[in-house]
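One letter stands for each residue in the lines below.
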Amino acid sequence: MASLDRVKVLVLGDSGVGKSSLVHLLCQNQVLGNPSWTVGCSVDVRVHDYKEGTPEEKTYYIELWDVGGSVGSASSVKSTRAVFYNSVNGIILVHDLTNKKSSQNLYRWSLEALNRDLAPTGVLVTNGDYDREQFADNQIPLLVIGTKLDQIHETKRHEVLTRIAFLAEDFNAEEINLDCTNPRYLAAGSSNAVKLSRFFDKVVEKRYFLRESNQIAGFPDRKRFGGGTFKSLHYD
Amino acid sequence: MSFLIDSSIMITSQVLFFGFGWLFFMRQLFKDYEVRQYVVQVIFSVTFAFSCTMFELIIFEILGVLNSSSRYFHWKMNLCVILLILVFMVPFYIGYFIVSNIRLLHKQRLLFSCLLWLTFMYFFWKLGDPFPILSPKHGILSIEQLISRVGVIGVTLMALLSGFGAVNCPYTYMSYFLRNVTDADILALERRLLQTMDMIISKKKRMAMARRTMFQKGEVHNKPSRFWGMIKSVATSAPGSENLTLIQQEVDALEELSRQLFLETADLYATKERIEYSKTFKGKYFNFLGYFFSIYCVWKIFMATINIVFDRVGKTDPVTRGIEITVNYLGIQFDVKFWSQHISFILVGIIIVTSIRGLLITLTKFFYAISSSKSSNVIVLLLAQIMGMYFVSSVLLIRMSMPLEYRTIITEVLGELQFNFYHRWFDVIFLVSALSSILFLYLAHKQAPEKHMAP
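In order, the protein sequence lines correspond to chains A and B.
Take 1 as the starting number for the first sequence in UniProt numbering and just add one per residue.
Take 1 as the starting number for the second sequence in UniProt numbering and just add one per residue.
A few of these clues could be false.
What the hints assert, rightly or not - Okay, the calculated bits of chain A under chain B, using three or more residues with CB under 8 angstroms as the criterion: (1) 93–105; (2) 147–157.
As the list claims (entries may be wrong) - Chain A is nowhere near these chain B residues, computed Cβ spacing over 12 angstroms in every case: (3) ARG191; (4) ILE201; (5) PHE262; (6) ILE409; (7) SER436.
Think of the hints as simulated: they come from the structure by calculation, not from any bench.
Even for Gly, the Cβ is constructed at its ideal location relative to N, Cα and C.
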């Protein structure tokens, strides 16, 4: 049974946003009782059914690599972290809904992870400043997850969620907002679970089925307003 | 009238210092975090502002700026405010933020933080008993009582930092101590790290698959805490859960190993960067400075030992001694009063600036190393407390470096403290700290190469 194909997904974000709790919830369907500081990288595995319910259903192992630390770490720590960024198939960006800085730091996190893989295509890399062109050209599927939803007061929810919607659009990614101490947000059949499943499917596709296409770098995808799904701010 | 002008000058400078502390807080300390409690930022900046004002008053004393009675008044006022902050406000807020982090005590935050503050006050008061700090003719809540205790804590901190800094500085500057690290070493460690991660992953895959099959068969995979679950597990003897705990233990051991490997790799990268830095021009300059500082460090340890063994406290300050030597032995005549004023101003100014700068840099490094988003408030307040106590005791000790005529204001304002005691205490703690840092660095240095020898 260990001969299933595997896919590697990074889980990035500032320290204290809840990455370890999230990974524990995703992989073991249980709430993490005593979260503590992650030193280095902790890995967990989730078994995922690709194209569930269809005749092409196949089971894959999804490795979730939870990399600890902060964006402002010393460059020696950053160089050490870089060893985990090899051959990544998907990235989950985690931020804290109650902490604006953590969502701003997501740009730097994604650049740190993507710069490792962008080298061969010869894309110009700016000095860590956010550049939308780089993300438009990016092949690796991204997912933005906001945690600690329960700590946001009802009245401020709307403005926070609007801000997050813009953030997710910048990354050209889906967004999920939840509370890692409550498994009901990812209950089977909820829209969050559907988005998660879609994301993992996309990761598996990009890795195993769409190898040949989309290797032409040069035409950045412009944002298409009105095309595709219009984001509605509903939550279960 | 002149009092008003003097006060306005003092207040303007205080506002300037406050602004500087505010900027430092925002740009340096909290640049990766979000400031949600502005109280913390205000307290930090206020502590910084009043500490710097004390130094400013010393400089004014030497230069003779402002009216002497208004100087005295501002000294007293400054001291009162700083003591109020250090003994009442900051500890209370530290207790408050610690308590708000603990979920259980969230409801009665104020009550518990008051309790914490009372405990702090009790120990703070008891601190004065074993030390012969001052004559027992003063009241309970006088400035002298508070300052004496704050002074003891601050002097201990200063001596600890000084001792460690004096030893660590040549150790980091000189490239003689740098271990040789090649790229091959780093690659080998990285390979081991990735291998360990792969082993962890394969074990976790087995666990995930086992859990999935158990779940599909309808078993409860939690620890059987219910009565019926226990009976069932005895009867049907589910081997799955036992295997899981075994594999989980192996995974825990492997994860610990991966953490160790990660930290070692980061250490190697840091050493490699230092080696590259030491080859640059700046690096060579610092290497040279390192030799110079090591001589200075040895001399200071020697002097501290002599002071303690022979029980001697310097009576005259370096400036007057230097001038005496120049006048008496070298026969150079110059206006003693004029020069002593300027030289002591420069000397004291240098001491003040380097100690402020050194402390802020150390605090920043410390803060980056240990803070996380939950504890950042508490740590910043602790740093503000340390900074305040450090600066207050700097004032106590700086008295030694000034000529007699300028010492009077400090003696007047601070009352009848036994200043000699503080110097002796500083020497003792400095010696202890320096020697234990040497021991600690020696052990750390010895242990490191052996780790890489292991296959």
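If any of the earlier hints don't hold here, list their numbers in rising order. Of the numbered hints, 2, 3, 4 and 5 do not hold.
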